[in-house]
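Sequences listed follow chains A and B, in order. Going by the working numbering, the first sequence opens with residue 1, and the numbers climb by one from there. Going by the working numbering, the second sequence opens with residue 1001, and the numbers climb by one from there.
Hints listed in this document are in silico derivations from the structure and should not be mistaken for laboratory results. Even for Gly, the Cβ is constructed at its ideal location relative to N, Cα and C. Treat the hints with care, as some may be off.
[Said to hold, decoys possible] Here are some chain A residues pointing at chain B (derived, C-beta under 10 Å):
id : residue
1  : SER40
2  : GLY195
3  : GLY196
4  : PRO204
5  : GLU205
6  : SER208
7  : ILE218
8  : THR232
9  : LEU236
10 : SER239
11 : ALA242
12 : TRP297
13 : SER300
14 : ASN301
15 : TYR304
[What the hints assert, rightly or not] Anything over 12 Å on all C-beta distances counts as not near chain B; from chain A, calculated:
id : residue
16 : VAL74
17 : PRO140
18 : GLU201
19 : SER219
20 : THR231
21 : GLY245
22 : LYS295
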Amino acid sequence: MKKLSALILILAMTVSLVGCSQSSTTGNKTLYIGVFEPASGDNGAGGKQETLGIQYANSVTPTVVVNGETYNVVLKIVDNQSSTDKAPTAAQQLVSNNVSVVLGSYGSGVSMAAAPIFEQAKIPAIGCSCTNPAVTQNRPYYFRVCFIDPFQGSVMANFVKDQFNAKKAYVLNMLGEDYGSGLATYFANAFKTLGGDVKAESFPEGTSDFSAYIQNAISYGADVIFAPCSTTYASLIISQAASAGCKIPITAGDTWESSVILDAQKGTNLEVYVSTFFDENDKSSLAATFVTGFKAWLNSNPQYKTDNGGNDIVAAVSALGYDAYMTAIEAIKIAGSTKGEDIKNAISKVNFDGVTGHISFPNGGDADKSEAFIKQADNGVFKFVKRQSSAG
Amino acid sequence: MGNILPYLLGGISVGGQYALIAIGYTMVYGILRLINFAHGDIFTAAGFFMVYAAASLPLYLAIPVMILLTIVMGVLVERVAYKPLRSAPRMSVMISAIGMSYLLQNVMWYITGGLAKRYPVIPWVSDSITILGSTTKRVTIITPFLTVILVVALVILIQRTKIGMAMRATSRDFETAQLMGIKIDNVISFTFVVGSALAAVGSMLYFSNYAAVTPVVGTMPGLKAFVAAVFGGIGSIPGAVLGGFIIGISETLIKGAGLTTFSDAVTFALLIIILLVKPTGLFGEKSTQKV
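Please work from the sequences and hints to get the whole structure.
This is the structure in structure tokens:
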């Protein structure tokens, strides 16, 4: 029995090794790009979708020419497990794999936890959807292609004001989570500036019972609930709000644009709105090409489709992953080098049209973005509601 | 907090679920003097069994299959991790239990990929109903009653049947019971059977309310159920049930009072206070009457 299990283990290891060494068959030199994303934990679902966007971009642009030499771009994917304790180890793993540039992560907390490690190794990192401002603050090696939370918070505050004429907002987030508490604060400040009242509460990690929070929102007389948190909690909040007969519209930030939310909202009368980076039905040619190509790619492999949540809906984070990869490629071309330091200096010169909008870095580490897309979860699909800027 | 009823309803329901898990802790402690830290993870595993069973079987088959698998798993954990350490110091067994808990968590993490799975909807039980103006799921109302029924059945089992008598004897004196011809291993296995079955039922009630199953979802309810068991006097079944309800209700009321940030802290503060003031818990004074 022991021998048998040992044999199986060895077999399993060999198979996984073979899986690792499939690429790099041609005579070209190889360049490694690190993918620093959660594949498990609270943010696993979103992290996988972001990774898919990066993988797709890699399949579209598998090589890059540096100083006349063609390099094969190989992705090194690690799982930071959505956990700030485990993120540094995963980051270290990328550093020891000699990656030239890192992409990710979904979730601001893990990005912040890993930033010093990339900085020490002089490897630039390009965040796809980490929206907390602290990610790039005083971090010369961290960049990102998405908008940031103060912007997103004020966009949502303006949206609920316009859409529901909201006067009272109930804000709920997880205690000690960087993304949620940041966004909650920015929303609350913006909403108060617009003349509204806010009741803010937070729940401890591992909470399953949200009925008391929902009752609090109802007895406060809230016109709208703003609950930026991971999708695991989001699905609990939505289904418990529905079963408690709560009629208050629930809104959140970009994390909620996930099939998990669609599943939770399906069959309820709840209105659920999210702000996001990208609209699948955007008719601009770049976005449309991306959507068609990405869908075909997703459908080509059942594993990709499973990782995407079992369907071929294009998530905004996949688009951002794609743009982050393209930003890295542009920067490598401009740098004419595979050294982290050179690439870092080149990123600020990057200037191109991505699928989520124009990407340039005029003010330090954050890409210059001016609008967010608002979508509504409606019986299994995200319906585009409007483009919203922070000015109302 | 305005209307207190919805909070109370929520609290009773949460309390009932804690109670069902707490019984598992308390029974194993009563017999083996072991705190089975893997119990919370068996509860989680029951959730996953149901997710996978319901994906391929009709519901009336999936539920018994789920309960059966959970029982098998509970007994297996005992056979693998605790039985070989029967004569080892108690500390070794406890460490083995902690190890088992992490092993189970990580295996589940590996198998499921760590993503939240949606618990299947059990018709009727998961429907929304309105009581005195506050809407809730039917399971909220069922939970306390089902808990009480199961506990009464359990007490009858322990007081009136042969195996119950064997359990009581074993919990009182391990070696003497063995000398009297009681097959200790069978009694212990049976204890794990009952504990796991209750955890399976508890998980069904729990996840019908909170429909997302993740590998670590059982940790918090497991810990709180442990607090409930200690609160009620570990080893005492009525104590565990009462403890479960008290913890569940106080937790929801604290959240309702606006102190949401402290709700978990209060639960564990309660544990410290009870250990300081009455270390044997509410019903734990008679050290001879365990199980």
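Status of the hints after comparison with the structure:
no.: 1; hint: SER40; verdict: holds, 3 Å
no.: 2; hint: GLY195; verdict: violated, 24 Å
no.: 3; hint: GLY196; verdict: violated, 19 Å
no.: 4; hint: PRO204; verdict: holds, 5 Å
no.: 5; hint: GLU205; verdict: holds, 8 Å
no.: 6; hint: SER208; verdict: holds, 4 Å
no.: 7; hint: ILE218; verdict: holds, 8 Å
no.: 8; hint: THR232; verdict: holds, 5 Å
no.: 9; hint: LEU236; verdict: holds, 5 Å
no.: 10; hint: SER239; verdict: holds, 6 Å
no.: 11; hint: ALA242; verdict: holds, 8 Å
no.: 12; hint: TRP297; verdict: violated, 21 Å
no.: 13; hint: SER300; verdict: violated, 21 Å
no.: 14; hint: ASN301; verdict: violated, 16 Å
no.: 15; hint: TYR304; verdict: violated, 14 Å
no.: 16; hint: VAL74; verdict: holds, 23 Å
no.: 17; hint: PRO140; verdict: holds, 33 Å
no.: 18; hint: GLU201; verdict: violated, 5 Å
no.: 19; hint: SER219; verdict: violated, 4 Å
no.: 20; hint: THR231; verdict: violated, 7 Å
no.: 21; hint: GLY245; verdict: violated, 3 Å
no.: 22; hint: LYS295; verdict: holds, 22 Å
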